[in-house]
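Student: Chains as they are written, first to last, in the working numbering: chain F, 187 to 862; chain H, 71 to 550; chain C, 2 to 266.
When the alpha-carbon atoms are kept at most 30 Å apart in a straight line, the in silico DSSO-like pairs for lysine-lysine are as follows:
1. Lys66/C x Lys43/C
2. Lys113/C x Lys38/C
3. Lys125/C x Lys23/C
4. Lys194/C x Lys747/F
5. Lys567/F x Lys194/C
6. Lys113/C x Lys43/C
7. Lys125/C x Lys747/F
8. Lys43/C x Lys88/C
9. Lys88/C x Lys38/C
10. Lys567/F x Lys193/C
11. Lys776/F x Lys567/F
12. Lys747/F x Lys135/C
13. Lys66/C x Lys38/C
14. Lys88/C x Lys113/C
15. Lys23/C x Lys38/C
16. Lys194/C x Lys135/C
17. Lys113/C x Lys23/C
18. Lys193/C x Lys747/F
Hints were generated in silico from the structure; no laboratory data involved.
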Amino acid sequence: MLLTFALWAYVAGMAGALVLQRAERLANVLGFGLAALGGVCGVVFSVSSLAAGRAVTIAPVTLWSGPIPDVRLVVEADALSCFFVLIVSLVGLAISVFSLGYARTYYGRKNVGVLAAVFNALLLVTTLVFIAGNLWMFLIAWELMALLAYGMVSFEHEDREARQAGVLYFIMSHLDAACILLGFLMLAQAAGDFSFASLRGIGAKLSPQQRDAAFMLFVIGFGIKAGAVPLHIWLPVAHPVAPSNISALMSGVLIKTGIYGLVRVCFEFLGPPPMWWGASLLAAGTVSAVLGVLYALMEHDLKRLLAYHSIENIGIILMGIGAALMFLHTGHAVLASLALIAGLYHTINHAVFKALLFLGAGAVLHATHTRNMEEMGGLAKRMRWTSLFFLVGAVAISALPPLNGFVSEWLTYQSLLQGFGTTTSLVRLMFPLGGAMLALTGALAAACFVKAFGITFLAQPRSDHARNAHEASLPVLIGQGVLTAACVFLGLFPTAFLKLLDPLTQQLTGHQLSQQLTLANGLVLSDATAQGGTVSTLGITLMAVYLLPVPLALWAMFGRKARTRIAPTWDCGQRGLTPQMEYTATGFSKPLRMIFKALFRPRREVQREYDFSPYFATTLRFESHMEEVFQTRFYRPVNLWLLRLSRRLRALQAGSLQAYLIYVFITLVALLLFAS
Amino acid sequence: MKELLLIIVPLVAAALAALWPNNRTRPWFLPVAALMHTLLSFGLLLYPPEAPFHAWFGYDPLARAMLPAVSLLFLGCAAYGVPYLQLRSERSNRVFVPAFLAALGLMSAAHMARHLGLLWIATEAVTLSSVPLLHFNNTPRAFEATWKYLLVGGTGIALSLLGSFCLGYASLHGGGTGDLTFAGLVAQGASLSRPWVLIAWVLLLVGYGTKMGLAPMHTWKPDAYGEASGIVGAMLAGGVTTVAFTAVLRVRAVVEAAGAGVVANRTLLVIGLFSMLVAALFLLSARDFKRMLAYSSVEHMGILSFGAALGGAGLWAAFFHVWNNSMTKGALFLSAGNIRRAAGGRTVDEVSGMSVITPRSAALFVMGLFAVTACPPFGPFFSELLIVKSAFGTGHGWAAAFFLGCLLLAFFGLTRVVFAIVYGRPRQAAREMDPKFRETLAVIVPPVLLLLLSLWLGLFTPEVLRQSWTAAVQQLSPTP
Amino acid sequence: MSVHDTLLNRLKRGCETMAYPKGPAPALPDRHGGALKVEAAKCDASCSACVTVCPTEAIARPAGKPVALDLGRCIFCAECVTVCPTKAITQSNDHRMAVRQREDLVLGDTGKEQVRLAQALDEKLRRLFGRSLKLRQVSAAGCNACEADTNVLGTIGWDLGRFGIQFVASPRHADGLLITGPVSKNMELALKKTYIALPEPRIVIALGACAIAGGPFIGHPQHHNGASGLVPVDLFIPGCPPHPLTILDGLLRLLDRLGESDARR
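So that you can see chain F by itself, here it is in the shape it has in the complex (with noise of 0.2 Å):
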């Protein structure tokens, strides 16, 4: 069946990449090809099974025994997991062809075959985590998951910031899987079986507080990996160090998983939720989106602006699935599903235009050398295609009809606006809140788009790297349109898209909003209620379209007499622009810092030598800093602490025989107290 045929190439890929290592370019073609091919076969599997409407797509299916009883690997498949392996394989489809291109960069420096081994191996375990059947299967691949993960951050391991960024994405892998686990060992524990099948709607046998302890352990566990503030630290910091595909890879898809636990344990497993379960995530997703964005506006790094915006639009996705929650409570199912679609929605969107922004990045990286947008510009002559394709993953995030961040993000509001009836309590204010901050964010994600597409396509180059920056390669292109395609579906067809989404919705909310969400024959979205709020971007690109005609005829009537002449932009008079009279990423964003200071603190450090007057300097420096609240006031403290407990700790081994003798002797004294 199609998806064993693709779980098959990615391990053919994988065995085929490292075999062939020392041959770069077979590697490559190899590696990166049956990974594609993987990519294809996913991609059909998950669309054909969403579309056909069946609940569950495969069975329990044992795919190892261990000689340990009742250690076995189970996959299972259902619409929750086919749209995500959906996700997987089309993203990763798109990255597969961008890396044919892309991997020839690393060509006689770095191992190739090595690369896309990996790659292909995290394919395959994303994969298994979506259609892990039981406790064992999923556990397993999602530590593999985190384990070539960071590998993969560590590939450049000669910088020390790569080194470093693998070894804090290691340990807060192991976090989460720390608190996963004991999650699902609660649950189990009761369930007394490790298989899923057993687990659903087990929150029942258990109490309240078992149920809310193990609602906070898998928050914290699933938010560790999927990046939500406040325990995000290592997204930063991890993303942008990575190769630009596996970047890609990690911020599309591996985050995603996190969404995916959340997701299939709140709404599967842990049974009803009471109130304060959906208000949390609600809060958490409006922080996340607030301050990812913010952090984002102040990056000049342009990966790690991406980055930041991963974790807005989780914070988003978190939104649309607290809401859920909370509607669920409430009882309002048909809200509940709303909310739902829109959540997954705008996974399935992020998945798609973030990896397209980073890919774009990629292409950036490669031909500039850097990632630092302050010594890009200009590349949009130099780069068309690449500059178009990020241009649209621009619009899309900033969530700019007619593309696919709008919708569902229009999705999104319209859940939460219609929340506040939902309920008489003081927690209703929560959702025109969240509505609010939304909004905020997607003006300050244009805003942090402008910035971004601006500093680095446009005006003019601020480095001889930029200046020499030539087009990208053909793959690397076809990846980048792929996905462009895609978003341009999913923003002009979502009434065809949310079809698929009908037996998700069945199954985890119980109702299937397809039909009630799509109007006049599926041109226009509704929001499914009787005040009926609708849009169709399909009209609008359809209106433009045909309206296009009309500047044109009044150009031709009027305008052809016009005389045009063609001169050098202004530029007051100056001997010719300089990239020195550009805008830099620093101040374009200063306002925001401003404004936001309370939250950045920033520092500002300004030296200056001079000859004989301060006004003829010879040397300026300019230094600004940010604090970075999360790591100074949280995670720091706490591992400050942790280190200096260690080593007074220390003294107590401090090699006086006599004190380990005493050890001995008060351990004696102790126990025997015990055991009287």
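Given the coordinates of chain F, assemble chains H and C onto it according to the supplied hints.
Tutor: Same frame as chain F, but now just chains H and C:
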């Protein structure tokens, strides 16, 4: 009969090696004797004798569950020992080789001891025979480590002797016939005088726990493992600790039979978790990568105690973990030994960038790190997960959470040190570097094989092993 | 002051813009000399007192020719008026001085005693700019007095905006260029680029003695002696600095917004 060979063969080889004149070819006694021992012990594993050889002494299910692991580890170390000793040909190995072989023989004896007194004698003989091994490096620090090992170990010896007397007296007081075999003591059961049994339990736990390296009796471990060469460290961490664990288990069976099983389990649980906590906290600020391995050993002893305290499935998982631990520690210590030889230093300040200088050993060290911190698909992942699962199953949810927390903290500490050593720009403490050291196949293959074994154990645990562990659990706590 | 107070204050004071050009021009102070009137017929044959006394050599009396006073070079110090024995040169107190051609500023010959005032733009340009003229100001290394007096035209009393005349920031938005200052070598490129940046059709206004002929800086090697040599000028407004009324008169004359009451010739 064959069981006796398990003891006799290494001891005879030790005597022969002591008489052997040629320093260069003497190391070959190690792999030869080890191979014979391994073949014997696996033969006995597959075809166990129907009944133990003698009431005091024999190959019972408990020995069958643990001894082959020690044997296999010794084989790996012996194979490594040949190139190692040839590298250290400036020192005479006339004491080292016999002592190493004698240790193997005595460890086999200790595993098979079924009499309280014989167990004590065998265990302490193992201690004495490993003293010259510690001292092989002949540095002042090695001397200090040996001294501490002897003294703290000696305290443990004394305490376990005292405990043995107490247990004997408990038996006599309860109307026993002076039969100090474990089977006999268990048979006496409830008639054992309870207060004496409890005192004996505490003394024996502390005594043998010192040998195991449970906290806070572990203080000799960092020095000893830090100063010993890799091969000796592997033997201590994987073999000697197993002997002590067997001793504790035998005593616990008696205590449980006497009706104080709950107390015994509770003390084991507390001391196990305490060991894990102490190890984790010390690991957080570890700087020396060989002492780090000592703390990791303390942690794993804590895991074993925790599993043993849970009984049933937990005990079964503890046996599984003994095998995993031996293999993993073997690989870690041997590759650490390679690194130490090549780098010349032993702390994170002195050593970095080993992935460039000794790429294969560095890779092995990192793989070993993954294995020892319970990453799938290595064996410790499965055994530790089974222990946690049984903890939940017996209602020790909070203890399981604490267990995972300590594992996490230990993981942080280990990762820090290992990555600092392996990555980065190469830097070596030139003064102690061994210029003759090369990463030949001979020093790489043994740790690779041990690591592969640890991988294989997790994925394809053989039926015969599983059955042996089940039989051992049955023997220790024959529940209806 | 609060918003409320501001509004009340405005309402109390009402409209304070002057009625000119629909009413009389505001009264000019005594110090205002106005345009010069040169009657060469009154000159003595051998007198060249005014020639020597002029600081900018604006007056020339070549042999056998009548005296010629170039109002474009004149900085209106009125020394020549004081020194002339026959009162051939007098100050007329007339504020109207703007001309279209440079030659129209040379006074003295018969029929040229006073400036021939500017004519309006041709019909096509008047249709474009008559009710909306956006100017870009280029301050080319002068003393800023001309700029200050131009700035005054933006205040409430004068209100240049009611004629649709405004100063804009970018030459791309402008219809015309208003140049002040003698155009130093450093400003040459800026001036030329600004002129080129203006979309066509465009006009250029040279304001003040410096912009027309270099003013007090005439002949300096670091200056270009005004804008006339660099860009084609459509309106010359002499003065040093010209009175705001003079400037306004010149601009309105150009756009034919004065009303016939004040037209001359």
